[in-house]
Amino acid sequence: MLRKSLLGVIAVLLLAGLLVTGCSGGAAKEGKKEEKSGAAKPIVLKYAFFAPANTFPAKQMEKWKEELEKRTNNKVKVELFPGGTLLTAQNMYDGVKNGVADIGLSCPTYEPGRFPLLAISDLPSGFPNSRVASRVVFDLIKEFPPDAFKDFKIITAFATEPARLMVTEPVTNLHDLKGKQIRISGALTPVLKELGASPVGMPMSEVPEALQTGIIKGLVSSREVLMDLKLAEKLKYTTDYPLTVTSFVAVMNKDVWNSLPPDVQKVIDDLSLEMAIWTGEYMDNHVKEALEWSKKEHGLQIITLSPEEKAAWDKILKPIQDKYVEELKAKGLPAEEYKKRLYELKEKYSKQ
Numbered sequence: 042m043l044r045k046s047l048l049g050v051i052a053v054l055l056l057a058g059l060l061v062t063g064c065s066g067g068a069a070k071e072g073k074k075e076e077k078s079g080a081a082k083p084i085v086l087k088y089a090f091f092a093p094a095n096t097f098p099a100k101q102m103e104k105w106k107e108e109l110e111k112r113t114n115n116k117v118k119v120e121l122f123p124g125g126t127l128l129t130a131q132n133m134y135d136g137v138k139n140g141v142a143d144i145g146l147s148c149p150t151y152e153p154g155r156f157p158l159l160a161i162s163d164l165p166s167g168f169p170n171s172r173v174a175s176r177v178v179f180d181l182i183k184e185f186p187p188d189a190f191k192d193f194k195i196i197t198a199f200a201t202e203p204a205r206l207m208v209t210e211p212v213t214n215l216h217d218l219k220g221k222q223i224r225i226s227g228a229l230t231p232v233l234k235e236l237g238a239s240p241v242g243m244p245m246s247e248v249p250e251a252l253q254t255g256i257i258k259g260l261v262s263s264r265e266v267l268m269d270l271k272l273a274e275k276l277k278y279t280t281d282y283p284l285t286v287t288s289f290v291a292v293m294n295k296d297v298w299n300s301l302p303p304d305v306q307k308v309i310d311d312l313s314l315e316m317a318i319w320t321g322e323y324m325d326n327h328v329k330e331a332l333e334w335s336k337k338e339h340g341l342q343i344i345t346l347s348p349e350e351k352a353a354w355d356k357i358l359k360p361i362q363d364k365y366v367e368e369l370k371a372k373g374l375p376a377e378e379y380k381k382r383l384y385e386l387k388e389k390y391s392k393q
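Numbering (this note's numbering), first residue to last: 42 to 393.
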């Protein structure tokens, strides 16, 4: 009897031990599952832009999102907010600084005076295309980081092709342009003013309505907008004289950047130059497509200035950049060094 009792007690103790072990093992497994689940939760980044999703800077956003998610094995997810759905051109950079979006893409020229050195490279500089302009602008921002971006992480930068005049009525000479209200990026208004037009500073997002209501008779911009924004329906003529470029800079909230794991930061840094190159090449190809579409669908006419007329335009525009550089030098800014580097880089990348 005693032996049977002892065996019974041992059996009970063994069963109890198994139950405890089983329960604790299950809890441990569940804990690991929860821990694993928590670790797998992706980092979500909100990326804002002011223009529609079909525009070329927004295409850059899509490519950046695709590459970042792929290279981090979906450790990071990017939510895109184009078309001013989260932030507009007027509050993009401040909105990122204040945490409304984690990343924002905008044009420094939309905020005259805030990015003085960048305006030098946006003025007529003889860039052959977007590919070269994007490489030059990217390098200049790295070498001369704007003070206004000191509280941000610069993600990438690129530029349009040299802008052309696109109008509702043909412009073949300076007389045709005189007094016409033409849209141009805010900091670049002196270019049109010197040519005799009446410049109107406004974001690209406001252009379609301004054309519809007759507030403006045309615009100065890279020519992909003829197709992307369907502006070829109104703008039947473009004068093939290269003017300004428009730079774009994407920035991330500094606190958000500092919170990212080192491996994610490395992927973002690796993508920085890649996106400048990709966007420049994408845009040059897209401009060709837009011009063909505009000619075929809406009868766009491309006007070439006579040699004499081109010389007259050159004579007017050449001093603008030099004068602006002198103004910035007087304020103690390294404008001469910036301009010198601009032309060195332009020559370098034009040969590649």
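Derived from the structure by calculation, the hints contain no laboratory data.
One or more hints might be untrue.
No more than 25 angstroms apart at the CA atoms, straight line, and that leaves these computed lysine-lysine pairs for PhoX-like [said to hold, decoys possible]:
1. K219 with K381
2. K329 with K100
3. K336 with K191
4. K307 with K138
5. K191 with K370
6. K351 with K219
7. K351 with K336
The following label-pair restraints were derived from C-beta to C-beta distances [to be verified]:
8. S239 with G154: 37 to 43 angstroms
9. N299 with K356: 17 to 23 angstroms
10. K359 with A94: 36 to 42 angstroms
Predicted model only: the values in this text are computed from it and were never measured.
Here a beta-carbon is modelled for each residue, glycine too, at the ideal position from N, C-alpha and C.
Hint check:
no.: 1; hint: K219 with K381; result: violated, 33 angstroms
no.: 2; hint: K329 with K100; result: holds, 16 angstroms
no.: 3; hint: K336 with K191; result: violated, 44 angstroms
no.: 4; hint: K307 with K138; result: holds, 22 angstroms
no.: 5; hint: K191 with K370; result: holds, 21 angstroms
no.: 6; hint: K351 with K219; result: holds, 16 angstroms
no.: 7; hint: K351 with K336; result: holds, 23 angstroms
no.: 8; hint: S239 with G154: 37 to 43 angstroms; result: violated, 21 angstroms
no.: 9; hint: N299 with K356: 17 to 23 angstroms; result: violated, 50 angstroms
no.: 10; hint: K359 with A94: 36 to 42 angstroms; result: holds, 38 angstroms
Going through the hint list in order, the structure does not satisfy hints 1, 3, 8 and 9.
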